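Undergrad: In order, the protein sequences belong to chains A and B. Residues in the first sequence are numbered from 125 upward in steps of one, following my numbering. Residues in the second sequence are numbered from -4 upward in steps of one, following my numbering.
Treat the hints loosely; a few may be bogus.
[Claimed, not checked] Label-pair distances were calculated between CB atoms; the ranges are: (1) A/G455 with B/L354: 26 to 32 Å; (2) B/F217 with A/K536: 48 to 54 Å; (3) A/S432 with B/Q258: 41 to 47 Å; (4) A/G455 with B/L343: 18 to 24 Å; (5) B/V346 with A/K536: 36 to 42 Å; (6) A/D333 with B/G163: 31 to 37 Å; (7) B/D175 with A/S432: 56 to 62 Å; (8) B/T197 with A/G455: 47 to 53 Å; (9) B/V202 with A/K543: 33 to 39 Å; (10) A/N499 with B/T197: 50 to 56 Å; (11) B/V202 with A/L529: 41 to 47 Å; (12) A/L526 with B/G274: 32 to 38 Å; (13) A/L526 with B/M290: 40 to 46 Å.
Note that these hints are calculated values from the structure, not bench results. Predicted model only: the values in this text are computed from it and were never measured. Just so you know, even glycine gets a beta-carbon here, dropped at the ideal spot from N, CA and C.
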Amino acid sequence: MKLKLNLFLALPALFLLFNLQANAFSTASQDSTVDNCIACHQDNDNMPDNYNPEDIHYKVGLSCFNCHGGNPKTEDEDAAMDPDKGFLGAPSKEEIPAFCGRCHSDFAFMQQYRSEVETDQESQYYTSQHGTLLKKGDTKVAVCSNCHTAHSIFSPNDPRSSVYPANLPETCNACHGDAEYMKDYSIPTNQYKLYKTSVHGIDLYEKHDMSAPVCNDCHGNHGARPPELNSIPRICGSCHVKNLNYFSSSPMGKEMEEEEIHTCETCHGYHDIQKASDDFIGTGEKSFCIECHDEGDEGYITAAFIKSRIDTLKLKYSTASDDMNNVIIKGMDDIDISFKLKEARQKLIETRTAIHSFDTSQVNTIASQGIKLSNEAIGMAQKEMDEYYNRRTGFIYSSIALLILGLALYLKIRTKNGKDKKA
Amino acid sequence: MKTLEDSKIFSWLHSRYDLSGILHLLYHKKVPVHKHTIWYYMGGVTLFLFLIQLLTGILLLMYYQPGENSSYESVRFIVNKVNFGWLIRNLHSWSANLMIFFAFVHMFSVFFTRAYEKPRELTWVTGVLLLVLAMVFGFSGYLLPWNELSFFATKVGTDIAGAVPVIGEGIRTVLRGGEDVTGATLSRFFGFHVAILPALFTIVLVVHLFLVQKVGMSEPDFFKKLPDEKKKFISFFPDFAIRDALLWLIVLYLLIFLALFFQWDLGIKADALSPAPTGIKPEWYFMFMFQSLKMLPPHLGFIEGEVFGVLFFGAAALAWMLIPFVKFNSKKYTKERIMLVLGTLVVLFIVSMTIIGYLL
């Protein structure tokens, strides 16, 4: 408690001291504790754009000279920024990856700050589309500072960071959404707009789900590049694991991969991925199956069968849900029915996942389990409703019994009264 | 007509144990018949509802498991899984409420007909005691399902008990089994509800019934003034008893109807860490006191408003119980008027405070 109090008193004192030092720069210039880079640049109103004193480097004790070189201890401007004495100044764009890499590629150095640290960002960068083009002399491409900023860098887990999941799409979009800037590259510039309307974008922006995939989850971050066609299932499968397993083991998955036919995106799209619909499968108007398969072929028959099983399961599940709601409305016991319905719901999800096997047998097995569970739930709901009406029937019987008994007593009283009067 | 004495079983018992005392208690009593005879039945209905409580309570006891992690679950099991469990639980809850209602009706009918006067002073005292015990029964039983409302109502209720000067803190700690309402309170209330209170209630009830049978029914003033030939009586047994039985049947029918069509909620399981829900209200029979305490200002002179309220209700209950022993120096006519006004004010106070409590 005493220590806390002392710190509490010490903080304003330190703040005061810092300001005194900055203001009295000319008189205290030889003081070894003064960072003359900041003091002088602040005095001249010449601080870098977006400078943030909360920057992660500054917070761990690194200052201007740690990146830019120079001597912060002298007030002499020429001596402080003498290239002969190690002053580097602002790096050119081509130099930036190596400039940052001096520390970030040095495992021993980085370990001083974090026990678990990656030091392959620079090497990954040069394998990326950005790095490849930079090497070719294209200075429009993104380098470290374009994504991370230069002087407002925060941990990627910090909501203030430009690469925090919720901020990353906008960071990428700063260049990729600028049609004028991107005109030399012949790639679309509407990815961000599409992403915002996608199921992932809705999860991120409307449901605030920070685990929703953003640009780097599919494209990579330091090694960012457009995914190869045959790597798409594995990229999607890094989250949708079961779908990938079914798809990879399916004959259609292998054929698609071999023939380099688009895979997940064929039905689901990419930047504007929408919530999957059961109508994607089958032989209806919205089905993707009929884009390749014609009536009568094996794929067409498979699609029709799978759709029919899903529809049957959905119908049963929906009936069971309605029945359970009636049970709830009647005030009867719905606990076991709700458990049963949760299992059926799980089977419906599993069936939708098993579609990616394009195997009628696998889909049928799981769908049949779901249908069985739904039927059991319907039976249980029926039992509860029977019980509900039985109680009313019981009430009628007990009413009759009580009425007879009551009448008997009433007659007894009347008879007795009559006898008493005669007596 | 065949009477009780004609039965073989009775003769067998009578020849061995001489049951003439019991017979006398049953047969000697005559019930006056007049325009207010209906009030004589209120005590019997209350007794019948107590018997229902006893029976359904024993049945519930077979499945109920007191405990923070088992009370709510066991009541839910009773209601959902046990055959006719829903019926038994609802009968128990409805019967409890009706019992207190009829006890109030019985008490005020006795008060307004001044049936508490000599020689029935102790019948009145035991009757008031029974009502207080029934209310404590209700308070302790309310917590047993361990749902959110009952949990916080018990907190508020025991806090009010804690407002009693000097001994309040001690009473609250004893009631709660500690500083706060916890599983220890639940075990304690269960103990009160199924052991201590039934024992006390049964003792007082036996005395009350004995006194009722011993002293007989009170006759209102206008009936006393009638000439003997115009006074009409029926025998307590079997005439009055048969009528009682008919009314009990009607009440039983009402109970079953309520239990089936107006089932008691189980509520949400109590969670000590969750914030208190809005609109915590005590059982209706505590509402007039609860509302009065709420409406009192924080301070009344040198005394805190809540403390004043608790002391006032304690003193009022005691005074109410001792009413038969109050003597007035003025004429009898004045005493009748005072009692009539007092009783009317008490009824108006209870009814209006209860209504305000539910409206506000």
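Undergrad: Is 48 to 54 Å respected by the C-beta to C-beta distance linking B/F217 and A/K536?
TA: Distance hint for B/F217, A/K536 is violated at roughly 30 Å.
Undergrad: Holds or violated: the 31 to 37 Å window for the beta-carbon distance between A/D333 and B/G163?
TA: 52 Å, violated
Undergrad: For the pair B/V202 and A/L529, does the Cβ-Cβ distance stay inside 41 to 47 Å?
TA: The hint (41 to 47 Å, Cβ to Cβ) is violated, given that B/V202 and A/L529 are roughly 32 Å apart.
Undergrad: Could one say that the CB atoms of A/L526 and B/G274 fall in the range 32 to 38 Å?
TA: 37 Å, holds
Undergrad: Given a hint of 47 to 53 Å, does the C-beta separation of B/T197 and A/G455 actually sit inside it?
TA: 35 Å, violated
Undergrad: A range of 56 to 62 Å was offered for this pair. Does it hold for the Cβ distance of B/D175 and A/S432?
TA: 60 Å, holds
Undergrad: Would you say the C-beta atoms of A/S432 and B/Q258 sit inside 41 to 47 Å of each other?
TA: With a Cβ separation near 43 Å, A/S432 and B/Q258 satisfy 41 to 47 Å, so the hint holds.
Undergrad: Has the hinted range 26 to 32 Å been met by the Cβ atoms of A/G455 and B/L354?
TA: Once the Cβ atoms are compared, 27 Å apart, the range 26 to 32 Å for B/L354 and A/G455 holds.
Undergrad: Does 18 to 24 Å hold as the CB distance between A/G455 and B/L343, or does it fail?
TA: 37 Å, violated
Undergrad: At the C-beta level, are A/L526 and B/M290 separated by a distance inside 40 to 46 Å?
TA: Roughly 44 Å apart at Cβ, these two residues keep to the hinted range, so it holds.
Undergrad: Are B/V346 and A/K536 spaced within 36 to 42 Å by their CB atoms?
TA: 38 Å, holds
Undergrad: Regarding B/V202 and A/K543, is the given constraint of 33 to 39 Å on their beta-carbon distance met?
TA: Check passed, 36 Å falls within 33 to 39 Å.
Hint compliance for this structure: hints 2, 4, 6, 8 and 11 are not met, and every other hint is.
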